[in-house]
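Student: The residues making up each chain are set out below.
Number of protein chains: 2
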Amino acid sequence: MAQKPSIPKGTRDFSPVEMVKRNYIFDTVKSVFQKYGYLPIETPAMENLSTLLGKYGEEGDKLLFKILNSGDYLKKADEGLLAEKASNKVMSQISEKGLRYDLTVPFARFVVQHQNEISFPFKRYQIQPVWRADRPQKGRYREFFQCDVDVVGSNSLLNEVELIQIVDEVYRLLNINVALLLNNRKVLSGIAEIIDASDKIVDITVAIDKLDKIGLDKVNEELASKGLSQEAIDTIQPIIMLSGSNRDKIAKLREVLAASEVGQKGVDELEVVLNYLDTLNLDLEVDLDLTLARGLNYYTGAIFEVKAKDVKIGSITGGGRYDDLTGIFGLKDVSGVGISFGADRIYDVMNQLELFPKADGAKTRAMFVNFGGEDELYALRILKEVRQADINAELFPDSVKMKKQMNYANKKEIPFVLLAGEEERNNNVVTVKNMETGEQSKVSVDELIKIINI
Amino acid sequence: MAQKPSIPKGTRDFSPVEMVKRNYIFDTVKSVFQKYGYLPIETPAMENLSTLLGKYGEEGDKLLFKILNSGDYLKKADEGLLAEKASNKVMSQISEKGLRYDLTVPFARFVVQHQNEISFPFKRYQIQPVWRADRPQKGRYREFFQCDVDVVGSNSLLNEVELIQIVDEVYRLLNINVALLLNNRKVLSGIAEIIDASDKIVDITVAIDKLDKIGLDKVNEELASKGLSQEAIDTIQPIIMLSGSNRDKIAKLREVLAASEVGQKGVDELEVVLNYLDTLNLDLEVDLDLTLARGLNYYTGAIFEVKAKDVKIGSITGGGRYDDLTGIFGLKDVSGVGISFGADRIYDVMNQLELFPKADGAKTRAMFVNFGGEDELYALRILKEVRQADINAELFPDSVKMKKQMNYANKKEIPFVLLAGEEERNNNVVTVKNMETGEQSKVSVDELIKIINI
Numbered sequence: 109m110a111q112k113p114s115i116p117k118g119t120r121d122f123s124p125v126e127m128v129k130r131n132y133i134f135d136t137v138k139s140v141f142q143k144y145g146y147l148p149i150e151t152p153a154m155e156n157l158s159t160l161l162g163k164y165g166e167e168g169d170k171l172l173f174k175i176l177n178s179g180d181y182l183k184k185a186d187e188g189l190l191a192e193k194a195s196n197k198v199m200s201q202i203s204e205k206g207l208r209y210d211l212t213v214p215f216a217r218f219v220v221q222h223q224n225e226i227s228f229p230f231k232r233y234q235i236q237p238v239w240r241a242d243r244p245q246k247g248r249y250r251e252f253f254q255c256d257v258d259v260v261g262s263n264s265l266l267n268e269v270e271l272i273q274i275v276d277e278v279y280r281l282l283n284i285n286v287a288l289l290l291n292n293r294k295v296l297s298g299i300a301e302i303i304d305a306s307d308k309i310v311d312i313t314v315a316i317d318k319l320d321k322i323g324l325d326k327v328n329e330e331l332a333s334k335g336l337s338q339e340a341i342d343t344i345q346p347i348i349m350l351s352g353s354n355r356d357k358i359a360k361l362r363e364v365l366a367a368s369e370v371g372q373k374g375v376d377e378l379e380v381v382l383n384y385l386d387t388l389n390l391d392l393e394v395d396l397d398l399t400l401a402r403g404l405n406y407y408t409g410a411i412f413e414v415k416a417k418d419v420k421i422g423s424i425t426g427g428g429r430y431d432d433l434t435g436i437f438g439l440k441d442v443s444g445v446g447i448s449f450g451a452d453r454i455y456d457v458m459n460q461l462e463l464f465p466k467a468d469g470a471k472t473r474a475m476f477v478n479f480g481g482e483d484e485l486y487a488l489r490i491l492k493e494v495r496q497a498d499i500n501a502e503l504f505p506d507s508v509k510m511k512k513q514m515n516y517a518n519k520k521e522i523p524f525v526l527l528a529g530e531e532e533r534n535n536n537v538v539t540v541k542n543m544e545t546g547e548q549s550k551v552s553v554d555e556l557i558k559i560i561n562i
Numbered sequence: 109m110a111q112k113p114s115i116p117k118g119t120r121d122f123s124p125v126e127m128v129k130r131n132y133i134f135d136t137v138k139s140v141f142q143k144y145g146y147l148p149i150e151t152p153a154m155e156n157l158s159t160l161l162g163k164y165g166e167e168g169d170k171l172l173f174k175i176l177n178s179g180d181y182l183k184k185a186d187e188g189l190l191a192e193k194a195s196n197k198v199m200s201q202i203s204e205k206g207l208r209y210d211l212t213v214p215f216a217r218f219v220v221q222h223q224n225e226i227s228f229p230f231k232r233y234q235i236q237p238v239w240r241a242d243r244p245q246k247g248r249y250r251e252f253f254q255c256d257v258d259v260v261g262s263n264s265l266l267n268e269v270e271l272i273q274i275v276d277e278v279y280r281l282l283n284i285n286v287a288l289l290l291n292n293r294k295v296l297s298g299i300a301e302i303i304d305a306s307d308k309i310v311d312i313t314v315a316i317d318k319l320d321k322i323g324l325d326k327v328n329e330e331l332a333s334k335g336l337s338q339e340a341i342d343t344i345q346p347i348i349m350l351s352g353s354n355r356d357k358i359a360k361l362r363e364v365l366a367a368s369e370v371g372q373k374g375v376d377e378l379e380v381v382l383n384y385l386d387t388l389n390l391d392l393e394v395d396l397d398l399t400l401a402r403g404l405n406y407y408t409g410a411i412f413e414v415k416a417k418d419v420k421i422g423s424i425t426g427g428g429r430y431d432d433l434t435g436i437f438g439l440k441d442v443s444g445v446g447i448s449f450g451a452d453r454i455y456d457v458m459n460q461l462e463l464f465p466k467a468d469g470a471k472t473r474a475m476f477v478n479f480g481g482e483d484e485l486y487a488l489r490i491l492k493e494v495r496q497a498d499i500n501a502e503l504f505p506d507s508v509k510m511k512k513q514m515n516y517a518n519k520k521e522i523p524f525v526l527l528a529g530e531e532e533r534n535n536n537v538v539t540v541k542n543m544e545t546g547e548q549s550k551v552s553v554d555e556l557i558k559i560i561n562i
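Which chain is which? The protein sequence lines are A and B, in order. For the first sequence, the tail end lands on 562 under our numbering, and the numbers increase by one without skipping. For the second sequence, the tail end lands on 562 under our numbering, and the numbers increase by one without skipping.
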């Protein structure tokens, strides 16, 4: 019986047109990662629930997709709990595996599990889907790809610099205008330290972030309302009003944070990174931004975020340094730094700005119209040469009406259509039609290859 | 608390070394698929169970990984069934989604769901993991990749030919010696028809397959034991003993199957395909093999199988023509033909024969030893030029002991190590060490690029 087919909410099919664009993004980031010595790993879609549970907070535990045990899965479930319909408690008795929720926890698990095979510093990238039972909404999916690049086992700030180089190169290749926001967790700790308010650091960054919108007085009011003393507010005035070049900001921060050891360390780190970047002459705009506070509990040093300058959209790349990725799995003191490229948002930005190349190496460049018989064999012979020149080309498989064949070429956006009948065969040429301009000419195979090549 | 990390049985982590090799295979097949006008699609890992159930037989239904509904999943479950622990019946009340079991059913679902956006003939490839709750054993995993290429919406035998061309080109590029076995379901139907034993066709192919091992008499005995009349056995003697060139076999088959319309049709199809292949001058060995009977219920025309000639292993590629892929989802009469490349087996063959290229474009070509300070900055400057030449290269991030750095380069199998101290800096050169031969020389950046490029 016929079923009306559909897919689970929050998931997506990707058509050839979408896949070619997505692969353009993935291939670009991969090529850059590899240029800097990062290599791919992949981990299973399913992880043991013992690996996943408790790593993403209570809410995260709920958003994990759990996989039902195989076979007679209820056999060992507790009758009493079943009768009570205690969904949560029964869960651990009927499900042992879950779909991965991000790439970070599986990466940590991978590093610990394979620590004896890995040579540190371990530079890896990982591009795989993750699954979250979130309420689907515009731009939020239950299955989406993450694209992470990390180096673990090295404290060198050169790694931070390298990741910024990677950001610079990726977005240069993708033609997206970006600014990289840079902060350092230790600076934020320093601020909290000098005013003795380490529990208020999020409130402070949130308030500072509003300066442009609501003005200094309102920011100070908000800080007071969050419980900061007048003295504390006075102390951090220079930080709230921090402005000028990155160097100006560094100098001011060093002054204000003089009394905080960790704060000074943070300023040092920022300065070292900025010095490297100066030497490297990057095009990338790098802005020191103290309001940047993503994943505070997680990061311990540098914090990065990348924004597209020509499209209003959240950050398209982000990351930072963490000091204890693998502790939860029993391997202490493995520091690392990493960033994650947001493929879906990058896709949206590029679509909106029409940055995808029209001629993509994956797409078909030319289609032969099929006239059957001798003409078909001639077309096959020509195609062999065309493909040997590494050009994607096809022959319509049926010698049906011209209109149908041209329709196919049109829909598939094939830029050149080739025609060859008796006349072409006798002269060993091909008629090539440029589908955009409508121009048509009779050419030799060598000329044809020159014309249709990207 | 520290947990000993592990992954679910039957699943795998892929290390960088393995990933580079796997990607070499995937990139090769993709490039060939695209050369013939096939483009990628991707479908979600999760499908509705209504899409999956009933498509793989009763055993297949059991092997599907089911995903537990989110939230209070037991709420709507029937109390009586829970009390009975009726795992199967409860399942449909607590799970609506499953992980895809193959790429064929999702592809059929995709074609039906998007039929109005697709231009037929639809040429697509799909490379994604699938999941089966099979008992894991050597070479059989619960998560593995399928790599399918299909064209649907065209009856032309040119499609069969094109897939054979693809097989030829893929294995030429991968350097694997293969033979393609070819059969046609209609020929098998014809054989069954002339002896009026359509239920015996599997028994017949199985018996014929043993000819080399057990000899003609035993084969005939086996056929008799399966219930074939002496007359039937006599009739198909020429088929059992079919030998010689593909053309000889075609001629003999045409004779024996003279009385069967469907049989003649099958012979015609085989002949057309072989004629095309002759015109195309393929290197590929193509053997007509009547014992080839994979997925009999599924295929309706051509049947293919590819065997590696230098390694004892099952088929590494297979497929055929099917006439009703999408009927189950309500779209009738969509004929298609496709093949599937077995990535895991291809990987094993290439590993065993050491066919993976030593120098792979994904791997790091050169590593700079980090001497810190000015030397580090000099290295960064050189690296910028090296990377601009599209060469993967890195700088060890910490200026630690030479031995540790060399160890890293060794373990990562980086073929060239670069060194630059004061002397090199002053002369604007780099010392490059070939890690295989131990040779060392001082060269300019331009020379360096020539040396370390693949």
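In short, the hints are calculated from the structure, not lab data. Keep in mind that a hint or two might mislead.
Pairs involving identical chains hold if they fit within one copy or between any two copies, as the list cannot separate such chains.
Claimed, not checked - The calculated BS3-like cross-link candidates involving lysine-lysine, where the alpha carbons are at most 25 Å apart (straight line), are:
no. : residue 1 : residue 2
1   : LYS326    : LYS471
2   : LYS129    : LYS466
3   : LYS184    : LYS117
4   : LYS129    : LYS246
5   : LYS117    : LYS170
Student: Hints first: check each against the structure and report whether it holds.
Tutor: To see whether the hints hold, each was checked on the structure:
In this assembly of identical chains, the alpha carbons of LYS326 and LYS471 never lie at most 25 Å apart, being 55 Å within a copy and 54 Å across copies at closest. Taking the shortest Cα distances, LYS129 and LYS466 sit within 25 Å of each other inside one copy (10 Å), while across copies they are farther apart (31 Å). For a Cα distance limit of 25 Å, the shortest separation of LYS184 from LYS117 across copies, 20 Å, qualifies, whereas the shortest one inside one copy, 31 Å, does not. Within a single copy, LYS129 and LYS246 get their C-alpha atoms as close as 20 Å, which meets the 25 Å cut-off; across copies the closest is 37 Å, which misses it.
With identical chains, the CA atoms of LYS117 and LYS170 are at most 25 Å apart both within one copy (17 Å) and between copies (24 Å).
Hint compliance for this structure: hint 1 alone is broken.
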